[in-house]
Amino acid sequence: MRKGWVVLLVSVLVVVFGTMALAQKEIHIGVTVPGLFSPAFVEMKRQAELKAQELGVKLTVVSAENDIDRQFEQVRDFIAAGVDGIVITTIDSFGIVKAVEEANKAGIPVITVDRKSFGGEVFYHEETDNFNAGRLCAVYVAHLFKDNPGPIEIFIERLDPSVDSVEERYQGFMFEVSQWPNLKVVAEPNLGMDVGKAFDATINAFQANPNIKVVFLPGEPWLSGTISALKQLGKWVPRTDPNHVVMVGVDGDQFAVENMIAGYYDFSAVQAIDKFVANAIEVFAQYFKEGKKPPVKERYVPVLGLCPENLDFIKERVWGYRVYTEQKGQ
Amino acid sequence: MSRRASVSRSRRGLGSIFVDYGIYTSVVLLFIIFGLFLPRAFFSLSNIRNILISASTIGIMAVGMTFVIITANIDLSVGSAAYFAVALGVLAMKRAGLSPVVGLLIILLAAVGVGVFNGLQITRLKMVPLIATLASMGIFRGFAFQFTDAASIYGMPPLISRLGIGYVGNIPVAVILLLACYLLAYYVLEKSRFGTYVYAVGGDREAAFKAGINVPRIVFLVYLLHGFFVGVSSLILCARMDGVVPALGVGMEFDVITAVILGGTSFSGGVGNVWGSLMGALIITLINTALTILNVSAFYYDIFKGSVILLAVILDTFRQRRLGIVT
Amino acid sequence: MRKWSNLFGEQFIFFFMVAFFIFMAVASPQFRTHYNLFNLWLDVVITSILGIGMTMVIITAGIDLSVASSLVLAAMMGAILMSQGWGVFPSFLFMVLVGLGFGLFNGVMVSRLKMVPFIVTLGTLSLGRGLAMLSTRAKSVYGFPDIVTRIGSGEIGYFPVAGIIVVVLYLIAWYVLNRTVFGRSVYLVGSNPRAARLSGIDVAKVKTLVYTISGLCAALAALIQMGRLNAAKPNMLYGLELDVVSAVVLGGASLFGGRGNIIGTLWGALVIVLIRNAMVLFGVSVYYHQVVKGLVILLAVFIDIVRSGAFRKR
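Protein chains in written order, with the numbering used here: chain A, 1 to 330; chain B, 1 to 327; chain C, 1 to 314.
Hint data in this document are derived by calculation from the structure and do not stem from the laboratory. Predicted model only: the values in this text are computed from it and were never measured. Treat the hints loosely; a few may be bogus.
[To be verified] Per label pair, the in silico range of CB-to-CB distance:
#1 B:P39 x A:V237: 25 to 35 Å
#2 B:N214 x A:I261: 29 to 39 Å
#3 B:S297 x A:Q179: 50 to 60 Å
[As the list claims (entries may be wrong)] If you want the footprint, here are the derived chain B segments under chain A, 3+ residues with CB under 8 Å:
#4 95-102
#5 241-255
The beta-carbon is built from N, C-alpha and C at its ideal position, and this holds for glycine as well.
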């Protein structure tokens, strides 16, 4: 009796998976991203799916959950599944080399976005500059307080030192801060990649240093927890208020934009990351359909500095603004 | 009336106090030791308030987990259950336009639903709790990912915000909820017949059967009750995140379980009390708080946390040895 | 008759694995390629080597949540030494020392200080990760001598070197657990510690040994991991310990101790890897990966429970 159920279940699985396996032969691109905890990566995925639909390309997107070993497995899985092209947003430029080499051996072209691979042959590469993104934030802070002898106390939510992209933003920020004697970092806790820790870390940082004037977020996914903590502490006041705590961060996501428009957020280094994978798909499509190789092998997209002063001028170039307006319309 | 072996105190004085109330003294000791590094910031009412605020989410989850572990079971899915519950609630409020009250109810009910799922797995299908809840951990997070497309959705109504980060006078609502949950749990566990059954089922399952207790039903109800507490904690998490984020609750289960075990509850069942779990939650919170306030370099974080946990367990093990409790 | 069924592991998981394998071979042409099968074997390696130590620990009614951390710590240590110019063999020796030390620490905590394995190994999990992070300040190390990559991802004929290593290790482990006095005492310590003590077994020593073995396994797996990616990074392999526990339980071991089949763990690890492979080859949405994995694990354990009768002591 029980055996019957098992047989039924197995045959259902066979039918379901079998039909999926026998899908038509279109261009199949495999994409691996570091994780979907970040609105930037989620938007990147969404734009990629839209582009794939537009071009009639089959797309498989997987998330590596910040684990380089898993990303390696995913690339190998793509090779085994027989994809035509692979797009990698790598977690670690060294760790991905072996994966790229294997794809090379299998004759599958690889496009890297946002982070380079330090080995192997790459078909095309696009990135923005994380170091300068962090640095721009510090430049803005320095500008705001240029007439203030200080010390201006700064709280940095340091996230995870082993995640190269956010770590570089931190390095960029610190580089600039070290040039300004009136700026002082008083708290830089390690939050891992756990968005939930932002709340507690903010509460504790302000407890130890009640006079913090600036909060730097190397990644804006941590913003909502930070805001809630500031609200709980009664420190969430708009820019016009003298007790305002300056908020700067990297990414330029919809939440940052929303808060900037509302008058609470001060600066965002916008990473134009949303179109990276979509562009990669387009490059692959042109190559596979028409045999055209991309005109340049590497493209560097500059970081945009978004602040209330220039918001109206450059908002169309800010992906977070686009998502914000789309979500508002819902 | 919590289950501590009543051993006549052969030693008087400080040593004896430490032995009997090990976990409480550990908390106070930690607080004092950390505070010595930065007295002005640490030894203040606002810091104590902040510690309680931070401890509330893990603390409330630890209440339910205490029940679960007393019955010699476990639940690894609390983090994913929280994410699942918050995701459903946020989707209901933001995408389906339902009212905040409905959203709140959905969060609570979803968390209870996960508890029901786990409870059924364990009682009806006789699954091993570790594996069943390990599987749930993946299943519910995966479903919530699918429903939300792994997006971060923000913008919670005042009802939720006030519950999570609001105040009643000077006291944070989160802390009120924390204390309310603990008082409720204390009453249920120590003063009601249900509580007695819970201890009995955990202590000796066979004997409980023979005494006429409906063991599967008690275990199921425990998971249900636990789901409710997870739901309350999820409400606070939702308010703190001002919505839902895909990484919500990841890894929370280990902190919660650690808090309960530190508090004196034993995996073998039949032993434990909720106030110990509260102390355990405070220890974990103290560690995190101290690391930030003392601006400990990011690289030493895990080393520090692991060391303090090991130290706390060593102390607690000595305490239990002294009292003759076998773990 | 008993010997054979013992060798194939708890029968159920073996047949489940074979059925899954055949299903995949039939349903997916890409599955059948040498490339894919080779990689499957490579993927099983890490989990199954860790599974050797974990099986022994679980048989003694314990658990070791720190295996992934000690693997990563050993890997970082080895990586640093090799990048300083140390030879592979001395670096590996040091890695083994690290793994043994780590395991010994766990073992002493559990057996002499009588601490709860779950919490102890949770603490050493954090400690291990922290030390690994500290060792390179969170940076990755890249580029090891050829022999390392040969071990981690190289081949002998059609077979992966690492795969052969796993088979050999499992044969050794099977022998130790089923044909030696030590192996028998491991089972007895798990199922009835009092009886074990009465029959003269040094329970504390047995427990210490199994955790030390677990640490040793972590060091072995670490070397292979280094060769896999030709790189080592402190934050890799989070959550691996849970996969290892799943593999051991799928293989027939009971978390209450006293039961467990080492070969079963190998099949359990293979099932977990097959699940992932299936989802990728069939293009299942990334969100559902966790769901499917959880459901398949539940299914397998459930069928096993049903098959062995619901009157297990619960």
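Original post:
Which of the listed hints are not met by the structure?
Top reply: When the structure is compared with the hints, numbers 2, 3, 4 turn out to be violated.
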